[in-house]
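Colleague: Sequence:
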Amino acid sequence: METRASYVLVGAFVLGLIAAGVVFLLWISGSGGRSDGVPMTVEFRQDVTGLNKGAVVRYRGIPVGTVRDIRLDPKNPEFVLVGIVVRPDARIYPDFVAALEQQGLTGIPFIQLKRPPQSERRSDARPVAAGAMTGALRARRIPGTPTNLQRLIEEVPRAVVAFRTLAERATVAVKRLDAAFGGPSGKGIGEIVQSLDKAASEFATFSVEASAFARDARAVAGDLRPAAKELTVAIRSVRALADKAAGLTDKAEAVLSDRNRERLEQILNNVERASNDASRFVREAEKRAKELEPTLKELPKTLGNIAGLSTSATRLSERASGFLDDENRQRVDRILGSAETAAEDVKKIARETREVTEKIRPAIEKLGTSLSQMADTVTKIDEGAEAFSRMSRDISRLVEENRRPVARFLNAGLYDVSQFVADGRRLMRDLNRLVRRIESDPSGFFFGQQGGLNPRSR
297 METRASYVLV GAFVLGLIAA GVVFLLWISG SGGRSDGVPM TVEFRQDVTG LNKGAVVRYR
357 GIPVGTVRDI RLDPKNPEFV LVGIVVRPDA RIYPDFVAAL EQQGLTGIPF IQLKRPPQSE
417 RRSDARPVAA GAMTGALRAR RIPGTPTNLQ RLIEEVPRAV VAFRTLAERA TVAVKRLDAA
477 FGGPSGKGIG EIVQSLDKAA SEFATFSVEA SAFARDARAV AGDLRPAAKE LTVAIRSVRA
537 LADKAAGLTD KAEAVLSDRN RERLEQILNN VERASNDASR FVREAEKRAK ELEPTLKELP
597 KTLGNIAGLS TSATRLSERA SGFLDDENRQ RVDRILGSAE TAAEDVKKIA RETREVTEKI
657 RPAIEKLGTS LSQMADTVTK IDEGAEAFSR MSRDISRLVE ENRRPVARFL NAGLYDVSQF
717 VADGRRLMRD LNRLVRRIES DPSGFFFGQQ GGLNPRSR
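Sequential numbering of the sequence shown, starting at 297, is according to this note's numbering.
Bear in mind the hints are in silico, worked out from the structure with no lab data behind them. No experiment lies behind these values; they were computed from the predicted model shown. It is possible that part of the hints are untrue.
[Stated by the list, open to error] Within a straight-line C-alpha distance of at most 30 Å, the following computed DSS-like cross-link-like pairs (lysine-lysine) qualify: (1) K494 <-> K676; (2) K494 <-> K471; (3) K371 <-> K410; (4) K371 <-> K349; (5) K349 <-> K410.
[Said to hold, decoys possible] Label pairs and their in silico Cβ distance ranges: (6) A425 <-> A458: 41 to 51 Å; (7) V318 <-> L723: 54 to 64 Å; (8) V318 <-> R733: 36 to 46 Å; (9) A425 <-> R729: 51 to 61 Å; (10) E416 <-> M687: 47 to 57 Å; (11) D726 <-> G357: 20 to 30 Å; (12) V457 <-> N348: 32 to 42 Å; (13) R733 <-> P384: 40 to 50 Å; (14) R733 <-> A435: 42 to 52 Å; (15) I358 <-> R422: 13 to 23 Å.
Built from N, CA and C at the ideal position, the CB exists for glycine as well.
Based on the sequences and whatever the hints tell you, model everything.
Modeller: In structure tokens:
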């Protein structure tokens, strides 16, 4: 019995299936063309290979929109602008970023919205419904970030270059070490050790010389202390002489009245000689005071001269006092006028003597300060000599302790460094070959060669 089929029903059923499929496709793809969403723009600085219109936009894996269009930035062709449409009820953070990711290893690309790292997030960012966003937030370009795989692919060439630079530097360092240590025989390190031994011996010699200098300086300081005491005594003698000269002046003023001027003519020559002696004394004292600082070695001789001058001046004052006793006062009336001039000269002598005393006093004080400073300097020189001695001993001990380790390094360490450089070069070649393979066939490298049905094989 033959089955009768209704071709009209079959055709209607087929047409219904076709219409249902078309409606389903329109419903699937129509979401990208609807305008009931909130339009936004994502800005990518890297390639968006595989991304098409209608691709899904997700947040934490949940669909929140679709891709509307893809175009280049008219102002800067290096940027790719991807227009997306987000549901009005989707809550959007103002600091969102976008990343181009794939669903699985072989899935189609989609845009993943996510927040930036914690250090780059805005503290005042609060989620806002896309439909309630202001015009400024809608016009904001969401920055696109590369995926981890893209970062890896971008960083591999940089890592290769960095490792190559490191290998070159290691090679240069090995060559410098080889040149510095005199090659595999290790002759250079022996020269270094000899130089260190020589330096240690020189430091020891210097410490001995410094100790001797310190002893000599102490001896000089001890010799200068008695000389300073003698100079102080001489200054006191000069000061006493000045006081005596002042008393002599006062006494002469008392004697030199208008009635006794004619009686002083007989001793005018003696007073003039006394004045000349006092002037020579002042000049000699000033000369010795100037020579005091640069000629410390001649200090005892100068002190002797000052003592002699002091004795002469004392004798001169006694001689003048002898002329002015009660027996000779009757004979000084004839030379009273000349005695006034002599009195002025004596006053001048007293003033000059006092000035010389004041000039010598700072020199004595400086001499005492210099002696104390010299003692401190001697102490510091001793400490420096001891420090140099310790340093020389430390250098010698360091050389003795490091001879064997340095020798072991020259025998085995340089060979290990050379092997490390060779292994690094082989690693560089392998990395370069790996990078070239990834650049030439990335899908074949990550997913393997996909075999299929070859019609010609039949």
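Colleague: Assuming the hint says 41 to 51 Å, is it satisfied by the Cβ distance from A425 to A458 or not?
Modeller: At 47 Å between Cβs, range holds.
Colleague: Taking the beta carbons of E416 and M687, is their distance inside 47 to 57 Å?
Modeller: holds, 54 Å
Colleague: Does the beta carbon distance between A425 and R729 stay inside 51 to 61 Å, or does it fall outside?
Modeller: 53 Å Cβ-Cβ, so the 51 to 61 Å window holds.
Colleague: Do the beta carbons of R733 and P384 sit within 40 to 50 Å of each other?
Modeller: Holds, at about 48 Å.
Colleague: Starting from the hint 54 to 64 Å, judge whether the C-beta atoms of V318 and L723 obey it.
Modeller: holds, 58 Å
Colleague: Has the hinted range 42 to 52 Å been met by the Cβ atoms of R733 and A435?
Modeller: Holds: the Cβ-Cβ distance is about 44 Å, inside 42 to 52 Å.
Colleague: Would you mind confirming whether the straight-line C-alpha gap from K371 to K410 stays at or under 30 Å?
Modeller: With a Cα-Cα distance of about 27 Å, the restraint between K371 and K410 holds, given a limit of 30 Å.
Colleague: When you take the CB atoms of D726 and G357, is the distance between them in 20 to 30 Å?
Modeller: For D726 and G357 the Cβ distance comes to about 38 Å; the hint is violated.
Colleague: Looking only at beta-carbon atoms, does the pair V318, R733 fall within the given range of 36 to 46 Å?
Modeller: holds, 45 Å
Colleague: Against the 30 Å threshold, does the CA-CA distance of K494 and K471 hold or violate the hint?
Modeller: holds, 27 Å
Colleague: Holds or violated: K494 and K676, Cα atoms, limit 30 Å.
Modeller: holds, 25 Å
Colleague: Quick check: does the Cβ-Cβ distance between I358 and R422 fall within 13 to 23 Å?
Modeller: At roughly 19 Å between Cβ atoms, R422 and I358 fall inside 13 to 23 Å, so the hint holds.
Checked against the numbered hints above, the structure breaks only hint 11 and satisfies the rest.
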